[in-house]
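Chemist: As they're listed, the protein sequences go chains A and B.
Residue numbers for the first sequence follow the numbering used here, beginning at 1 and rising by one.
Residue numbers for the second sequence follow the numbering used here, beginning at 90 and rising by one.
No lab work stands behind these hints: they were computed from the structure.
These figures come from a predicted structure and were not determined experimentally.
Hints may contain errors.
Incomplete in silico selection of chain A near chain B, CB under 8 Å [claimed, not checked]:
| # | residue |
| --- | --- |
| 1 | Met1 |
| 2 | Leu8 |
| 3 | Leu15 |
| 4 | Cys54 |
| 5 | Phe81 |
| 6 | Arg82 |
| 7 | Gln83 |
| 8 | Val84 |
Simulated restraints on C-beta separations [claimed, not checked]:
| # | chain 1 | residue 1 | chain 2 | residue 2 | range |
| --- | --- | --- | --- | --- | --- |
| 9 | A | Ala23 | B | Arg675 | 50 to 60 Å |
| 10 | B | Lys651 | A | Arg31 | 48 to 58 Å |
| 11 | B | Asn464 | A | Lys2 | 27 to 37 Å |
| 12 | A | Ala75 | B | Ala683 | 46 to 56 Å |
We put the beta carbon where it would ideally sit given N, CA and C, even for glycine.
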Amino acid sequence: MKIQFLGLTRQAAGLVHLELEGATVADVLQRLVASYPDLRSHVFDGSRLRPDICILINGRNIRYLAGEATLLDDADTITIFRQVAGGTP
Amino acid sequence: MFGWMGTILRVNLSTGKITKEKLDEKMARDYIGARGLASRILYDELPPGTEPFDPANLLIFAAGPLTGTAATSASRYNVVTKSPLTGAIAASNSGGYLPAEIKYAGYDLIIVEGKSEEPVYLWVHNDRVEIRSAKAMWGKGVRETDALIREETDDEAKIISIGLAGEKLVRFAGVINDRERAAGRSGVGAVMGSKNLKAVAVRGTQGIKIKDGAAFREAVLRNMNKIKSGPVTGEGLPSYGTAILVNVINSHGILPTNNFQLGEFHGAEAISGETLARDLLVRNRGCLACPIGCGRVTEINWEGERERGEGPEYESIWALGAACGISDLELITKVNYLCNEYGMDPITLGTTVACAIELFAEGVLTVEETGVPLNFGDGQALLEMTRKTALREGFGDMLAEGSARLAEKYGRPELSMSSKKQEYPAYDPRGAQGIGLGYATSNRGGCHVRGYTIGAEIVAAAVDPLTSAGKAKLLIDVQDFTCVVDSVGMCLFTTFSLGPDDVLPLLNAATGAGYTDESLLQAGERIWNLERLFNLREGLSRQDDSLAPRLLQEALSTGPAKGHVVELERMLDEYYQLRGWDSEGRPSSEKLQALGLE
Ligand code: SF4
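The shape of chain A in the complex, shown without the other chains (with noise of 0.2 Å):
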């Protein structure tokens, strides 16, 4: 499946997009972060998800999948990210 990094997650990893296998979402960021220790901070607060890391499936937040144990097919999207927000004020 695709992994799409965005804004922090994209300037740790160096990446803009990787190509990754995994059953799960938590096979996948286990591989990831194991590949590039860099990303490691931004996705975990020590072996719990950082509550403030955005995980996509096919533009779904997880949260509303079945977490870290949603699975994964292989034409999925997976999109990681940092909250971050916008708006004009």
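With chain A fixed as given, assemble chain B with the ligand onto it according to the hints.
Modeler: Positioned in the frame of chain A, the structure of chain B with the ligand alone reads:
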């Protein structure tokens, strides 16, 4: 008074009369300042049914009790008037350095009434106030006006001005301060132009009295730490500014594209915050006392020259980009610079051009009317329409009326993406239901900053964006707290890290007004209801709390929100009920009594 300066400056441009009035303490406490206080004055003084360009319309520049103090990001003021775009109340917000200067000059509010026969500017230097000729500045852009007026007054003066769009009464002209900061929406700059008021220059040297200095310092430090350690305010906004949202919102499938026909834009990466940071960013820029510094100084290569300016931020990139199908970031940045220089709202400009392009694609508009072909993705056409709109030249004269009047004139009102005739910003509500209710109920028409539920629905992902359940309550809480934040004079972006519990001790320490948790939020609710009463008195009703038919009837075709439309009627009924309004959206007498508005 503490926090408040205690004085209102009133200038009548028809008679030349300048007066200073004492600020009523109870009214200040009840309506806090800035947006709230100015709205109360507008409600009390503006005869119902007054045309926005009638000299009797008021134009109020209003700071809050925290504006200009050491409170974090308390750099804001509001420009309040009756809007020529919507016919509803307009309260347009801006930061920078000018808002604090109004306080340092000794005033909470500057009320401008009447109309000058000749172009003038106002020179406010502490208690010395003069109306001066602006003949030398009329016809000039914002930067040149700023420089000329500082030359004539004081190099340290802070300037509010309009550009050519305000002079030409473009219905979405903004008011620019500090050369690049905009009170951009709802056409407040056109009202300034209608009064022949080119600028207001302010220089002040007075301090703001703080009731309890020790408690204030403690609250400021506590808030500063929260801002610095918050993920959005401490890292996200400082690193990338607001433009980082382009890819994020596109990933959620709700980046409105080609006049809201699609929710995903193939050119998003090319106009993203990441691309902006890589290719155009010179440095960050912040407003007074703001550690967030979300502003972006950028540089482009334009026709062989290096050009430098501020922005674009997220909403502008979207309106001048995805909304029109344009993926050329340098061109978008150039158009944004032009909007700053002309003093014109880029959100309404981009969305009005997007509407014109769809009318053209439908064969309703032809080259005979527009002068050039209009197609999605054509940046050169946008550039040309920007200039023509600001100067009301050719077809630009029609665009200067905004998309609602444009689409109405050509018999296709449903193609204007607006509520109460003000265009939507950069979130497709079919994939974030709360913001859809927010667009519909916003007292100033289509707008994200009256109730930024995107914070909960997308940024923090605290509530599911696709469901409508619970969104009415969420929106009401956000709307009321936003009234408080806008009225104290703080930046809305602080709310990504601060809540009512953080604002309360700050405000009490500064003013000594003794707000409680309840009375502070009730003041927010009072302000919201007062704005509603203003709009009802002007003839708006439930049917104006609506959305463009596309958002209610045409489901998104791709992305996570595929198959969704906005479930407005259900949310709206619940919203009215929770607000204590009847089924037509009129506040009940019990509600008015509880808020002291009867
Ligand atoms: S967050 Fe941005 S807009 Fe708000 S006060 Fe700071 S620099 Fe200004």
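Chemist: For every hint, state whether the structure bears it out.
Modeler: Against the structure, the hints come out as follows:
1. Met1: Violated, about 14 Å.
2. Leu8: 6 Å, holds
3. Leu15: At about 12 Å, which exceeds the 8 Å cut-off, the nearest Cβ of chain B leaves the hint on A/Leu15 violated.
4. Cys54: 6 Å, holds
5. Phe81: 6 Å, holds
6. Arg82: 6 Å, holds
7. Gln83: Hint on A/Gln83: holds, closest Cβ of chain B at ~5 Å, below 8 Å.
8. Val84: With a closest approach of 4 Å, the A/Val84 hint holds.
9. A/Ala23 / B/Arg675: 50 to 60 Å: 56 Å, holds
10. B/Lys651 / A/Arg31: 48 to 58 Å: 29 Å, violated
11. B/Asn464 / A/Lys2: 27 to 37 Å: At 31 Å between Cβs, range holds.
12. A/Ala75 / B/Ala683: 46 to 56 Å: 55 Å, holds
Of the hints listed earlier, those the structure fails to meet are numbers 1, 3, 10, in rising order.
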